[in-house]
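Visitor: Spelled out from the first residue to the last, the chains are:
Number of protein chains: 2
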Amino acid sequence: MSSEKITDKPEAVRRRSYEDACAAAHALDLVGERWALLVMRELLLGPKRFSDLRAAMPGISANVLTQRLEGLEEAGVLRRRELPPPAAARVYELTEWGYEAEPIFQALGRWAARSPLHDPTLPFSTNSLILSLRTMFSPARAAGLSCLIALRLGYETFTARVADGAISVERAVTAAPDATLEGDARSVAGAIYGGVPLSALEAAGALKASGDRAVLERFFTLFPLPAKAPAPGAPR
Amino acid sequence: MSSEKITDKPEAVRRRSYEDACAAAHALDLVGERWALLVMRELLLGPKRFSDLRAAMPGISANVLTQRLEGLEEAGVLRRRELPPPAAARVYELTEWGYEAEPIFQALGRWAARSPLHDPTLPFSTNSLILSLRTMFSPARAAGLSCLIALRLGYETFTARVADGAISVERAVTAAPDATLEGDARSVAGAIYGGVPLSALEAAGALKASGDRAVLERFFTLFPLPAKAPAPGAPR
DNA sequence: CTGTATCCGTGTTGATACTG
DNA sequence: CAGTATCAACACGGATACAG
Numbered sequence: 001m002s003s004e005k006i007t008d009k010p011e012a013v014r015r016r017s018y019e020d021a022c023a024a025a026h027a028l029d030l031v032g033e034r035w036a037l038l039v040m041r042e043l044l045l046g047p048k049r050f051s052d053l054r055a056a057m058p059g060i061s062a063n064v065l066t067q068r069l070e071g072l073e074e075a076g077v078l079r080r081r082e083l084p085p086p087a088a089a090r091v092y093e094l095t096e097w098g099y100e101a102e103p104i105f106q107a108l109g110r111w112a113a114r115s116p117l118h119d120p121t122l123p124f125s126t127n128s129l130i131l132s133l134r135t136m137f138s139p140a141r142a143a144g145l146s147c148l149i150a151l152r153l154g155y156e157t158f159t160a161r162v163a164d165g166a167i168s169v170e171r172a173v174t175a176a177p178d179a180t181l182e183g184d185a186r187s188v189a190g191a192i193y194g195g196v197p198l199s200a201l202e203a204a205g206a207l208k209a210s211g212d213r214a215v216l217e218r219f220f221t222l223f224p225l226p227a228k229a230p231a232p233g234a235p236r
Numbered sequence: 001m002s003s004e005k006i007t008d009k010p011e012a013v014r015r016r017s018y019e020d021a022c023a024a025a026h027a028l029d030l031v032g033e034r035w036a037l038l039v040m041r042e043l044l045l046g047p048k049r050f051s052d053l054r055a056a057m058p059g060i061s062a063n064v065l066t067q068r069l070e071g072l073e074e075a076g077v078l079r080r081r082e083l084p085p086p087a088a089a090r091v092y093e094l095t096e097w098g099y100e101a102e103p104i105f106q107a108l109g110r111w112a113a114r115s116p117l118h119d120p121t122l123p124f125s126t127n128s129l130i131l132s133l134r135t136m137f138s139p140a141r142a143a144g145l146s147c148l149i150a151l152r153l154g155y156e157t158f159t160a161r162v163a164d165g166a167i168s169v170e171r172a173v174t175a176a177p178d179a180t181l182e183g184d185a186r187s188v189a190g191a192i193y194g195g196v197p198l199s200a201l202e203a204a205g206a207l208k209a210s211g212d213r214a215v216l217e218r219f220f221t222l223f224p225l226p227a228k229a230p231a232p233g234a235p236r
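Chains as they are written, first to last, in the working numbering: chain A, 1 to 236; chain B, 1 to 236.
The hints are simulated quantities; they were obtained by calculation from the structure and are not laboratory data.
Don't be surprised by glycine CBs; every beta carbon is placed ideally from N, CA and C.
Simulated DEER-style distance windows between Cβ atoms: (1) Tyr99/A with Ala143/B: 26 to 36 Å; (2) Leu44/A with Asp164/B: 33 to 43 Å; (3) Glu73/B with Ser146/A: 45 to 55 Å; (4) Ala172/A with Arg34/B: 32 to 42 Å.
Pulled a few chain A residues facing chain B out of the computed Cβ check, cut under 7 Å: (5) Arg114; (6) Ser128; (7) Ala229.
Using the sequences plus the hints, can you model the full thing?
Guide: This is how it looks when you write it as structure tokens:
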């Protein structure tokens, strides 16, 4: 009687499900736990190792990261894979379906960009910046523009290709970019979203630019931010 | 000394922020707590009272609901409003910006509809069903169709209007619908998503249909579900 | 009737230290 | 490097009591 601990909970309550047929609620059952979506964000541009993930998310602790990776693997969102020698490392990579979650991040990002409480001076991960470019890109602003920009962020290099009113940004090195930008994600974000003049960032040693500066300046204007929503106590 | 409870936590850790400039991470700071998004879902079709919210989310407890409402109000996502007499009730309603969160639910819903683990036999809230119609509507399937359907779900009535390859579904009564469907959300979902024949649902007393049945049958085909993603242990 | 506040058992989270 | 172990703090959910 004292041992009749109700361990036989409907086993659906185990992982604390919402018990709701709504697909959005099910999505939250799968990826609604703390950190789960940020782990996915960090994998959206390609596989990473355990320690890469930790480095990209300073706030997460090792045990929680382990739990999330297990949960996401069980859900079919990611898989672990052993790289063959000589790289001989274990990496985590999203499944096809996992990669299809990107629209979730775009919807979240677009919506929260209007938040009155958003503080853009916080630490900015490399993946966040690259994904934000895909999200905030304005086809209208890019009318008639065609260019290739190399972005060197830390030890990673990305290539942004703008053409026909569309953009692609991926992990890749480019042979002959029109311009190259080197620095950390915060500074690049300052130039693109914060309106900080490139010259100022260069003078501060935060960014290094080379190649066609006019193209670079134009590139910075392709990612307009939406207007802020009224703060909580506003009129109406 | 016993009172030196560390209340002076960096005040940024108080509400357990991700401390990340990424807009998507900020979105999760605002609405990433358990139940927060479901509360928003329940308000997306119009204001509700405290007890309506509880009824729509059987799993949430009163104190947690209070906390979420406070948090979402502070974030500027919703506001509380007192209805004038004789209704004299307090309702919660999304702000303009709050209503703009609908794409988040669509992205979540579309993605999770492919989940191998999704169980559509669970309880289904009225709001979930209506929002899913907006989400899953296929303009291609609706080519050439123009109709007005009344949906009576519990004590709420909604009107779906299909025209020009678009759909609108709202809380509203319609004077002269082409057809009327009455029943609970589960049964309507069975007809639309589960492929259960209307006649069977009527025979079981789960649904009542009236008006143009051909239009109704056609209406049921406008909301195709995506293919399931492979289950966790799949080949590749 | 519509919430709000408080207590309490439990599970989740997060920091630190530690192991293969 | 890739996790596991331990433990304290907190969040969640249920029950109950209380206030307008």
